[in-house]
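A.B. asks: Chains as they are written, first to last, in this note's numbering: chain H, 1 to 213; chain Z, 1 to 223.
Hints are computed from structural coordinates only; laboratory data are not their basis. Keep in mind the model is a prediction, meaning the values are calculated, not measured. Mixed in with the good hints, there may be bad ones.
Stated by the list, open to error - Derived SDA-like pairs: lysine to any residue, alpha-carbon spacing no greater than 25 Å straight-line:
{"id": "1", "chain 1": "Z", "residue 1": "220", "chain 2": "H", "residue 2": "52"}
{"id": "2", "chain 1": "Z", "residue 1": "220", "chain 2": "H", "residue 2": "44"}
{"id": "3", "chain 1": "Z", "residue 1": "220", "chain 2": "Z", "residue 2": "137"}
{"id": "4", "chain 1": "Z", "residue 1": "220", "chain 2": "H", "residue 2": "49"}
{"id": "5", "chain 1": "Z", "residue 1": "220", "chain 2": "H", "residue 2": "57"}
{"id": "6", "chain 1": "Z", "residue 1": "220", "chain 2": "H", "residue 2": "45"}
{"id": "7", "chain 1": "Z", "residue 1": "220", "chain 2": "H", "residue 2": "51"}
{"id": "8", "chain 1": "Z", "residue 1": "220", "chain 2": "H", "residue 2": "77"}
Each chain is listed here by its residues.
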Amino acid sequence: MDWIWANRAELVSLTLAHAWLSAVPVLVGLAVAVPLGWWVSRHRRIGSVLLGIGSAVYTVPSLALFVLLPSVIGTPLLSPLNVVVALSLYAVALLIRTAVDAFAAVPDAVLDAATAAGYSPAGRGLRVELPLAGPVLLAGTRVASFSTVSLVSVGAIIGVSSLGSLFTDGFRRDFTTEIVVGVVGTVLLAVIFDLILVRFGRLLMPWTAEARA
Amino acid sequence: MTLSTGVPADTARWLSDRANWTGAEGVPHRLIEHMGYSALTVAVAALVAVPLGLWIGHTGRWQRLAVAASGALRALPTLGLLTWFVLLIGVGLAAPILALVVLAIPPLLAGTYAGLESVDRSTIDAARAQGFTGWQVLSRVEIPLALPLLVGGFRSATLQVIATATVAAYVGLGGLGRYLIDGQAYRDYPQMVGGSVLVIALALIADGVFVGAQRLSTPKEKS
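Extracted from the complex, chain H is given alone in its bound form (with noise of 0.2 Å):
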């Protein structure tokens, strides 16, 4: 408690910046993946190549991923970059699959009688499809944000500053307090994304929440 109160500053910098590099995977993820999500789900043929592409991004090690990042796109070694664009596509690997799972379980009654409504396809995308992929999506963004979260500390090996540079202080300087904090700190911010996204969940699917109760 004592070394947690002397390093406060530390420790929220880090906090911060770990928050900043998960924050903008999981966005940049949704951001990409629904609107492709729901483009593919409509493609079924470039759909299956686009999910095989996407599986086979998630099988790269991460670590792995943020060494060769600099060869391909250029940045320096130590750029936090390279942990934003690796998660970021491992953020389009899983969300893609979830969001076109999420469109395809849209029954094709319900967009005939949109349709018949007089719903133009982005409309009918937008206000029809979206609010009923919106629980399935969600789901799929809690699981990628648990993991970003837990991955962000991984760049720490690579020398990008996050609660992960406890792990690596604490293992050198053989201090196992620092570790314990870095552990329960990442998995608190984890929990903290999660609430986050269960409110925003509940604030844009009202009716999801009055299912439940």
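Please build the complex by placing chain Z on the supplied structure of chain H, with the hints as guidance.
C.D. replies: Using the frame of chain H, we list chain Z on its own:
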């Protein structure tokens, strides 16, 4: 020479250098180490997770707890667990392997009980009506029908372990991750990229093997 042409060429040179393919630090030895750790870890984790998952899925008890526990385990940062275990247990094989086992349990557990859960209730009732005992229902009906999801659990656990074993080189484990960590210590970027390429290849091949196994384990639809 610019960076973009330099790195692939240097990496190719590193990968094709004969000196990197012999001895204890050579690619074949590191690859066998990596595969060995991964196989050992998944086997130990399966000994814990599969019976537990079968019991949970078969009896339907403790389901909520299992879901919550595997979710919580997934939130644990791998590097934190690795460094923590090494400081607790000491440098050597035991600590990183134990950390890897802990991380491999959730996907195996989830795959096993989700597999059993996916079996149609009426199929199980039909088997009971035929006079199958609880054990027979499990071994002859539930497990064969759950097999694709069970193999799926092994697939994600194995890939998770291959990835985390790479990270474990940071706390002294051997395997292909050594090239990434040692390359960084010597500022030898081609070695780091070469190691990354090898790890990625191993992961993709392992994934391909599991995709094949999943296909084989899926019961054929009778037309």
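A.B. asks: None of the hints should be skipped; say for each whether it holds.
C.D. replies: Here is what the structure says about each hint:
no.: 1; hint: 220(Z) x 52(H); in the structure: holds, 23 Å
no.: 2; hint: 220(Z) x 44(H); in the structure: holds, 23 Å
no.: 3; hint: 220(Z) x 137(Z); in the structure: holds, 20 Å
no.: 4; hint: 220(Z) x 49(H); in the structure: holds, 24 Å
no.: 5; hint: 220(Z) x 57(H); in the structure: violated, 29 Å
no.: 6; hint: 220(Z) x 45(H); in the structure: holds, 23 Å
no.: 7; hint: 220(Z) x 51(H); in the structure: holds, 23 Å
no.: 8; hint: 220(Z) x 77(H); in the structure: violated, 49 Å
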